[in-house]
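Quick mapping for you: the protein sequence lines, in order, are chains A and B.
The first sequence begins at 1 in the working numbering and counts up one residue at a time.
The second sequence begins at 1001 in the working numbering and counts up one residue at a time.
These are calculated hints, taken from the structure and not from any lab test.
Ideal Cβ placement from N, Cα and C applies to all residues, glycine included.
Some hints could be false.
Only some residues are given here: those of chain B computed to face chain A with a beta carbon under 7 Å [to be verified]:
no.	residue
1	1039
2	1147
3	1321
4	1331
5	1335
6	1364
Derived Cβ-Cβ restraints for the label pairs, each shown as a range [stated by the list, open to error]:
no.	chain 1	residue 1	chain 2	residue 2	range
7	B	1099	A	239	37 to 43 Å
8	B	1099	A	301	51 to 57 Å
9	B	1256	A	35	33 to 39 Å
10	B	1137	A	165	36 to 42 Å
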Amino acid sequence: MIPTLLGITIVVFAISRMAPGDPVSLSMGPGGMMDAQRAADVRAARMKLYGLDKPVYVQYAIWLGRVARLDFADSIKHHRPVIDLIKERLPVTLTLNLISFVIIYAISIPMGILSAVGRKKFLDRVGSVMLLMLWSLPSMWVGQMLIGYLCGPPLNWFSPAGLSSNDAEQFPFFQWLADRLWHLVLPVFCLTYAGFAYLTKQVRAGMLDNLRADYVRTARAKGLSNWAVIFHHAFRNSVIPIITILATLLPAMFGGSVIIERIFSVSGMGLLAFEAVTTRDYNVVMGVATIAGVLNLFGLLMADIAYAMVDPRISFESAV
Amino acid sequence: MGENKQQKTWGTSYGEMVWKEFAKSKFTLCWLGFIILLFLLAIFAPFLANDKPFVIRIAGQLHWPIFKALTASDYSIFLAAIVALIQFLLVLRNRRSVDPSIRSGILWRQITISVFIVLVGIILLFVFIPRRLDATDYKSMVASGKATSAVFAPVPYGFGRTDLKVREQPPNLQHWLGTDDVGSDVLCRLIHGSRISLSVGFVAVGISSIIGIIIGAILGYSGGKIDFFGMRLVEIMMAVPVFFLIITIVAFFPRSLFNIMLIIGLTTWTDDARFVRAEFFKLRRQDFVQAAVSLGLPLRSILFRHMLPNAIAPVLVNATFGIAGAIFIEAALSFLGFGVAPPTPSWGQILSLGVSTTGRFLWWLTLFPGLAIFFTVLAYNLVGETLRDAIDPRLRESV
């Protein structure tokens, strides 16, 4: 766990510092306002202020030391602690993704079971092609089309940007909640539709493996109802791969929310990351990378624990 | 499936079995055809959409501006296409005239030679073909009567042409799919953009497959400590939010097509490595591998000559999905503004113009590039899906 996290931060740190260009020259612009000597002085002073004048490994050691105390330094662009920025933005992204996850699982599991039970029948065939089509739809395209047609003048159903109306602060709670949910509809839709295909396929494959197994035949032979065979026998054994997918979906989700948050101007982690890389805000980039890495590892850990809870054959004691 | 006496005596090869299974789905075959069509479109892009005429008569003399204006990259694409076609025909020929036991060895040699020819050819082409800039406005020559007759490409616009008089026009008779914010023809840019998408898909997946195969092969074959630490490395790569990493790298380094290909390739090899490792784990205890080891063959030969052909199927399937994924990532990067530098057209970049700077929604700049990405990605996904089913022996046996 810890080495993995260190690895991620080293990779991102190395990339950001090795690349040509730095935030100081970016913020100072091409020059011309000052004479060369003054510009060089200001530059040196600013580099020193941000600690960019030291060798890369020293910078990394300093950064790591601060992170150990949960201090991600200040944003070079916003002049605020990175941790504050992340505290503001993280709940937004988490809300978006958690809602999406719930919806994906709620729809995919029944779909997967249905198509596995009716294998090679109409629903399975049409359903799988439909899901593949959904999977292949670029989210930026769908997002832009939705904004263009549903938020534009003739319909005006949704608002194209942000997560709440301008005067949402004054709303009573339930109106505020309704307003927030209404704003969440389009981004959540864009985040979910692609996930159906992947998860449904996994559920279907797992179900098919189990439906073919001998114990299912035994269960049928002893006269159990179709319902009991499918849900109590086959499905419970197909749950394990579904859980592991949670861990692999998480990193993908974070990437997806960069695009979605940019299209819908939702100020979450994705947008923060996007702004940080375009302005070379090193500290924010590192902060976002660390938090994203922690979240991913947390997902993996949760998956492992859930794994052991669902499947009694797996235990952590026996693992070497 | 040509009927042939020799082929009967040799039996059906694995590839033929998979192909037979694959060809059962006519629906997917149509999409395979679509991919081929897309490739033709990309290869012949300069002949389909170009502001220079094929042939023009100026003062009684015939000129061939379109052929003169072809760049080194155009010629490289033609060369690669020709070599790929020859390679494909060779594969078909091998099937009929080469004994199965040496077929894979010959195939490897042929592929090596082909790749060598293409690489050397591309380098030579870039060295020897000078950059030409033909800024002559042939259309105005025709209009003013200087040139008497001319044959233009079906879409008579260059992809880098800017014409602010016709900016942001919806589809009309002159511009079938409209124009973008600087007055370039959208159809022309879509046609030329297919080159970016397809080449990114292929090269990125090529890089990631090679890395994945090598790492997976070494880990799976050696096992033990190397495997343990190697897998931790793979896990680190898997826990990295790939898209964020790609954005970081692309934003920090200079924008170029090659960078994008390389970065997508370098960050997406983990699945391949895991598949190959799992296969090699199973294979390394088998007799033919033990035999190869006891014969004293070099490790390279054991890994890639003897074991790899038995483990390549999941990599192939993954590559098909990988191409779809790479096209997707490239489009997303271009959409976010990290793609290839502006005059070069790319589908994602056109898509990003769909909302103008004044906030107006320009449907033709959203719909058409989006459809292009969608159909391409869908085609690859469908082909990959069918290929996976065709390769999976469990599905072949049952029903």
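Outcome of the hint check:
1. 1039: violated (18 Å)
2. 1147: Cβ of residue 1147 of chain B sits 41 Å from chain A, so the hint is violated.
3. 1321: violated (10 Å)
4. 1331: holds (6 Å)
5. 1335: Residue 1335 of chain B check passes; min Cβ-Cβ to chain A is 5 Å, inside 7 Å.
6. 1364: With a closest approach of 11 Å, the residue 1364 of chain B hint is violated.
7. B:1099 with A:239: 37 to 43 Å: At 49 Å between Cβs, range violated.
8. B:1099 with A:301: 51 to 57 Å: holds (53 Å)
9. B:1256 with A:35: 33 to 39 Å: Between residue 1256 of chain B and residue 35 of chain A, where Cβ atoms are some 34 Å apart, the hint holds.
10. B:1137 with A:165: 36 to 42 Å: violated (52 Å)
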